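Listed below, chain by chain, are the residues.
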Amino acid sequence: MDFPFMLQALPEIIKAIPVTFFMAVAATAVGWILGLFIALIRRAKTPGISQVLAVFVSFMRGVPLVILLYIAYYALPTMIYSYGLSIGREIDVSGVPAILYAITALVLDQAAYSSEIFRSALGSVDEGQLEAAYSVGMTKTQAMIRIILPQAFAVAVPNLGGLFVGLVKGTSLAYYVGVYEITATAQLLALPKLNYIEAYIMTTVIYEVISIIFNKVFNVAENSLKRFRGVATA
Amino acid sequence: MAKVELTNIHKSFGDNHILKGVDMSIEEGEVVVILGPSGSGKTTLLRTINFLDAADEGSVSVSGFKVDCKKHRKSEIIELRRKTAMVFQNYNLFANKTILENVMEALVTVKKYNKKDAEKAAIEILAKVGLGEDRLHFYPSQLSGGQQQRAGIARALILNPDVILFDEPTSALDPELVGEVLQTIKAVAQTGITMIVVTHEIAFAKEVASRVIFMEGGKIVEQGPPEEILVHPQEARTKEFLNRIINTNA
Chain R
451 MDFPFMLQAL PEIIKAIPVT FFMAVAATAV GWILGLFIAL IRRAKTPGIS QVLAVFVSFM
511 RGVPLVILLY IAYYALPTMI YSYGLSIGRE IDVSGVPAIL YAITALVLDQ AAYSSEIFRS
571 ALGSVDEGQL EAAYSVGMTK TQAMIRIILP QAFAVAVPNL GGLFVGLVKG TSLAYYVGVY
631 EITATAQLLA LPKLNYIEAY IMTTVIYEVI SIIFNKVFNV AENSLKRFRG VATA
Chain B
84 MAKVELTNIH KSFGDNHILK GVDMSIEEGE VVVILGPSGS GKTTLLRTIN FLDAADEGSV
144 SVSGFKVDCK KHRKSEIIEL RRKTAMVFQN YNLFANKTIL ENVMEALVTV KKYNKKDAEK
204 AAIEILAKVG LGEDRLHFYP SQLSGGQQQR AGIARALILN PDVILFDEPT SALDPELVGE
264 VLQTIKAVAQ TGITMIVVTH EIAFAKEVAS RVIFMEGGKI VEQGPPEEIL VHPQEARTKE
324 FLNRIINTNA
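So the protein sequences, as listed, match chains R and B. Heads up, the first sequence is in the working numbering, so the first residue is 451 and it goes up one at a time. Heads up, the second sequence is in the working numbering, so the first residue is 84 and it goes up one at a time.
Hints listed in this document are in silico derivations from the structure and should not be mistaken for laboratory results. Everything numeric in this text was worked out from a predicted model, so none of it was measured. Do not take every clue at face value.
Here are the computed distance ranges between Cβ atoms for each label pair [stated by the list, open to error]:
{"id": "1", "chain 1": "R", "residue 1": "Thr654", "chain 2": "B", "residue 2": "Lys198", "range": "35 to 45 Å"}
{"id": "2", "chain 1": "R", "residue 1": "Asn673", "chain 2": "B", "residue 2": "Asp217", "range": "49 to 59 Å"}
{"id": "3", "chain 1": "B", "residue 1": "Gly275", "chain 2": "R", "residue 2": "Val667", "range": "34 to 44 Å"}
{"id": "4", "chain 1": "R", "residue 1": "Val667", "chain 2": "B", "residue 2": "Ser227", "range": "31 to 41 Å"}
{"id": "5", "chain 1": "R", "residue 1": "Ser508", "chain 2": "B", "residue 2": "Asn330", "range": "54 to 64 Å"}
{"id": "6", "chain 1": "R", "residue 1": "Gly512", "chain 2": "B", "residue 2": "Gly147", "range": "54 to 64 Å"}
{"id": "7", "chain 1": "R", "residue 1": "Pro514", "chain 2": "B", "residue 2": "His100", "range": "31 to 41 Å"}
{"id": "8", "chain 1": "B", "residue 1": "Lys194", "chain 2": "R", "residue 2": "Ala671", "range": "31 to 41 Å"}
{"id": "9", "chain 1": "R", "residue 1": "Lys495", "chain 2": "B", "residue 2": "His220", "range": "36 to 46 Å"}
{"id": "10", "chain 1": "R", "residue 1": "Gln637", "chain 2": "B", "residue 2": "His220", "range": "50 to 60 Å"}
{"id": "11", "chain 1": "B", "residue 1": "Ser121", "chain 2": "R", "residue 2": "Val667", "range": "30 to 40 Å"}
{"id": "12", "chain 1": "R", "residue 1": "Val516", "chain 2": "B", "residue 2": "Lys194", "range": "32 to 42 Å"}
{"id": "13", "chain 1": "R", "residue 1": "Ile499", "chain 2": "B", "residue 2": "Ser121", "range": "31 to 41 Å"}
{"id": "14", "chain 1": "B", "residue 1": "Ser142", "chain 2": "R", "residue 2": "Pro608", "range": "45 to 55 Å"}
No farther apart than 25 Å at their CA atoms in a straight line, the calculated lysine to aspartate or glutamate pairs in the DMTMM-like style are these [claimed, not checked]:
{"id": "15", "chain 1": "B", "residue 1": "Lys194", "chain 2": "R", "residue 2": "Glu540"}
{"id": "16", "chain 1": "R", "residue 1": "Lys590", "chain 2": "B", "residue 2": "Asp257"}
{"id": "17", "chain 1": "B", "residue 1": "Lys195", "chain 2": "R", "residue 2": "Glu540"}
{"id": "18", "chain 1": "B", "residue 1": "Lys149", "chain 2": "R", "residue 2": "Glu581"}
{"id": "19", "chain 1": "R", "residue 1": "Lys590", "chain 2": "B", "residue 2": "Asp136"}
{"id": "20", "chain 1": "B", "residue 1": "Lys180", "chain 2": "B", "residue 2": "Asp257"}
Think of the CB as a built atom: it goes at the ideal place given N, C-alpha and C, for glycine as much as any other residue.
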């Protein structure tokens, strides 16, 4: 074990953590909002869009994340470029940083997976409460925001936590499209003296620590959101 | 002017024709109890009044505000719902809110009260249904069915609605809790508010109703004062139903 290498490399790898977080947080913020809307539309069974979204979700769940990243990185720029030409403009796609393509792929992935979590969570809230909200004169939006969504979120949090931790690990695949996050940085540092074992041990520890921290965060969130689930005395 | 007026209400679920042209006119301060075997359409009829189930045909009018069931707008339904309130069989309290918040909720979000006033009004109403200060901050899941249903009644009362719709308010309760809820409903009836109650509690109907309606097969079979319908029913189907109920209760 090359400890001097590890000591030297560790700060460099740690410096890459924000890149990993940036991808994860951006993909979560955009992806989960999309996921929530997909879930709401699919539950409302809006004809047409609902079916299209069902196909989208099913497709996204079938495609490996690596392939999705490749599609975003190689196919997307070409598509944007030729779309630009079709409207008579030459768009410089080479100037777009790789991380944006990676985030695009992660957003689509998160939208699909989170939509399934939201869909089942929304379904777990008793329909009667929606009727009760209507019966006192609330609009659909009011009922959703004040009654249904808070309960659905409480149900969704454990699964969302798992999804988020999975995503943090999934960002390591962005290495394949040239984003220097944790894994890619470790690989790069390991290269000159072939310190791969050391590099992989360090990355594993870093991912483990991140995962433990976020599991804890989501546990706390779960407990505070579920405070209304008291012990039934009936 | 009638407080609640239903004209030619028809409702189907798929091929199942539940309501077959129901007319009903209810005056201010009446306590109307609707009886009938299960599947007679009594709950559906109640739910067409506040459009939780929109009727396919006919019209609903509450305090002179009339909505055509065939072509209703969202805004009309909301306006109609704001004149009514409902008490549900399964209480349907908001599980993420305390008892106090459940009762305040509509005052704040619908009637735009400030929180302080809403809270004061809610505490007052909750005391009236027998839920004291010690219960205010409990979540529904921490209360007995009877307490939950009384909170449900408070949630309806606080809106000061033109009519309260009770959908089998005691059917989901343990037998020993039925009494406290019926007492509460009786006390509400005595305040003179217009009420429509779907129930199987014959004794309650006898004591509290100003009118009893007997429904079967999606139609009103017979209606009149309780002593008339419950003691001297004219229609064979009403007699049969009452015999069945009284025998199983005995």
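Hint check against the structure, violated hint numbers in rising order: Hint check: 1, 2, 3, 7, 11, 12, 15, 16 and 17 fail, others pass.
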